[in-house]
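K.L.:
Here is how the chains run, residue by residue.
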Amino acid sequence: MRRQLLKGNEAIAEAAIRSGCKLFFGYPITPSTEIIEYLSRNLPKAGGAVLQGEDEIASINMCYGAAATGARVMTASSSPGYSLKQEGMSYLAAAELPVVVVNINRNGPGLGGLGPSQGDYFQCTKGGGHGDYRTIVLAPSKGQEMYDYTMKAFDLADKYRTPVVILADGMLGQTMEPIEFKERPSVELPEKDWVTTGCIGRPKRKISMYNLTNEAGEEISLKLQAKFNKMKDLEQQWENYCTDDAEYLLVGYGTCGRVGKSAVQLARQQGIKLGLIRPITLWPFPEKAFISLPKIKGILTVELNAGQMVEDVKLAVKCSIPVQSHTRVGGMLLSENSVLKKLAEVFQLEVRV
Amino acid sequence: MPKVEILEARCKSCGLCIEFCPKKVLKIGEKANAKGYYFVEVAKPDQCIGCALCGTMCPDVAITVYK
Amino acid sequence: MEKVFSKTKGLTDVPFTYCPGCTHGIIHRLIAEVLEEMDLLENTIGVAPVGCSGFLLDMFSCDFVGGPHGRAQAVATGIKRAMPERTVFTYQGDGDIAAIGTSHAIHVAARGEKITSIMVNNAVFGMTGGQMAPTTIGGQVTTTSPYGRDCALAGPPIDLPKTIATLEGAVYVAAGSVDSPKNVAQTKKMIKKAFQVQQKGLGFSFVSILSTCPTNWGLSPVDSLNWLRKNMMPVYQLGELKATEEVNAL
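Protein chains in written order, with this note's numbering: chain F, 1 to 353; chain A, 1001 to 1067; chain D, 2001 to 2250.
Excised from the complex, chain F in its bound form (with noise of 0.2 Å):
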């Protein structure tokens, strides 16, 4: 199979090609920028287009009025960009609108930097637009997932009528790779029989969402939560790394669960029985894999934020498990060493680093 040499950005942008991707509304931001130039190359060629918007409001909006007409599209920035966006992810969510919405995270808050970091956790996986209401979020940890979990986003969000949030970070957009073209997946989809294409032969259709009564708000937040249940029954997905006999567990993703993974190898030389849980799907945040665990003495999560993603761990085991972080912010990376020294230090263990 064909492999190429590409930046994650640039996966991301090819496999949104591949997945029939039509349009694409951006706005230039580091470090997420090539996937609007990548695509201003190729994606006409493809027979679809690109359309650089005076911000990054309109650009979510206009892939609001783009997925109404069922075509498939999407937007990506990073952080900053990303905040701008948050409204129209609550009325993408709300009108049930598939949408790829791409967030190549670097370091905040305010301006920033334009090094790697995982601080938007929150934002993305909590929601940070206003209301109730939930979007899947995928964490690629190399090259190849931010290729394959693209492709995994546009047939979830035309699954569930949602937009779905590809979540990487500053180092894995830049870091090049060698990209394996995967053809799309033959995904059974539900067909769109709810778009506004022009009423012709059909009764006319509205999509909006708001509601003049109460009872009626209800009803719709009703349903909607439903839609959100299923999507967290149905749609955690994680990996296991070495966890069958593991004693410790690391908990990271993204580019810390590849951290993670190195650390695993690290202690596993010196005999501790240390596993690595690696979240894919960071909503809904993979509780199952917390349930069938042997009998775990400690976890540390490995975070580029200020400790995130610990409290869904911690809700994720009930606080049964003393649950640590290890992070570091600003932009720098943490090293498999520092994630050893942490969890000697954290669970009192005898390591050589």
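Keep in mind the hints are simulated off the structure, nothing from the lab.
Check the hints yourself; a few may be wrong.
Stated by the list, open to error - In silico DMTMM-like links for lysine to aspartate or glutamate, alpha-carbon gap of 20 Å or less: (1) F:204 / D:2036; (2) F:22 / D:2085; (3) A:1003 / D:2159; (4) D:2003 / A:1005; (5) A:1003 / A:1046; (6) A:1035 / D:2013; (7) F:206 / D:2223; (8) F:230 / F:219; (9) F:204 / D:2058; (10) D:2162 / D:2042; (11) D:2009 / A:1005; (12) F:206 / D:2002; (13) F:142 / F:177; (14) A:1067 / A:1030; (15) F:273 / F:239; (16) A:1067 / D:2002; (17) A:1027 / D:2223; (18) F:288 / F:244; (19) F:204 / D:2223; (20) D:2003 / A:1046; (21) D:2230 / A:1019; (22) F:126 / F:96; (23) F:204 / D:2002; (24) F:204 / D:2033; (25) F:206 / D:2042; (26) F:126 / F:287; (27) D:2230 / D:2168; (28) F:206 / D:2240; (29) F:204 / D:2085; (30) A:1024 / D:2223; (31) F:204 / D:2039; (32) D:2003 / A:1041; (33) F:295 / F:219; (34) F:204 / D:2037; (35) D:2003 / D:2036; (36) F:192 / D:2037.
To be verified - Label pairs and their in silico Cβ distance ranges: (37) D:2012 / A:1028: 24 to 34 Å; (38) F:201 / D:2112: 29 to 39 Å; (39) D:2146 / A:1038: 25 to 35 Å; (40) F:41 / D:2169: 40 to 50 Å.
Ideal placement from N, C-alpha and C gives every residue a C-beta, glycine not left out.
With chain F fixed as given, assemble chains A and D onto it according to the hints.
P.N.:
Okay, now just chains A and D, sitting in the frame of chain F:
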């Protein structure tokens, strides 16, 4: 002989049709619709010339004119 | 006898939700009649604002999409780019387009987006109870300019169509009013021309229409029309502000 028909349920008694009728054919009625508006009534049907200015200025498209 | 005036097929039977005498309803009728006359109802996708007319989705018999406040023209861009063969129009109040939606108003025109945009100018934010809008006249009392709009403090009103007319992509920009039968008829011609511009794909078409707000102006429906003539017409340029040669050749 031209005729004006008021859709009582849609009329909000705003009076614009009365204002613009050149023949003063219409007036505010004495009966209220379900919303509580005293809907417009045809006071002098024989005066109507079918010009439809009433319909033109009705913000609720509550008027039909025959000629 | 036959019907010389009746409700157009372009409107459904859903009653309008506006205050008595509010001329939003006349503008709805004009657009719906134009769409029916041009046989575009099945081809059209409308985009709603958020404001008094935010509930017009059910009042028109064509497909309709409603997005966030101020974003109708961005949503419409997405629809038109996905389906260029469809007729796409936006309907927005002055607050929706000339305050929060200004960036899209400028860039949709700058790009020559092949959609038709309608702006209804009643000089206030209506739905939220009559606050000052970018179009509020100097000295006009609103709930957020209780002593009259102080142009030294809040600046003078914005004439958005005049601004849009300066942008190359806007090939047809007109400003009408629905305060009298004559002006209603003329405004309908402007709306029709705007949709013809879109049909021919000549570029961006924009019609702004002066309209009343009896409730928030604190005037009767009839007095509101007089207030509009006396206070708004001197401030807002009316007529066809811009029509390229190609447009006039239609």
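K.L.:
To test your reading of the hints: which numbers does this structure violate?
P.N.:
Hints 3, 7, 10, 12, 14, 19, 23, 27, 28, 33, 36 and 40 not satisfied by this model.
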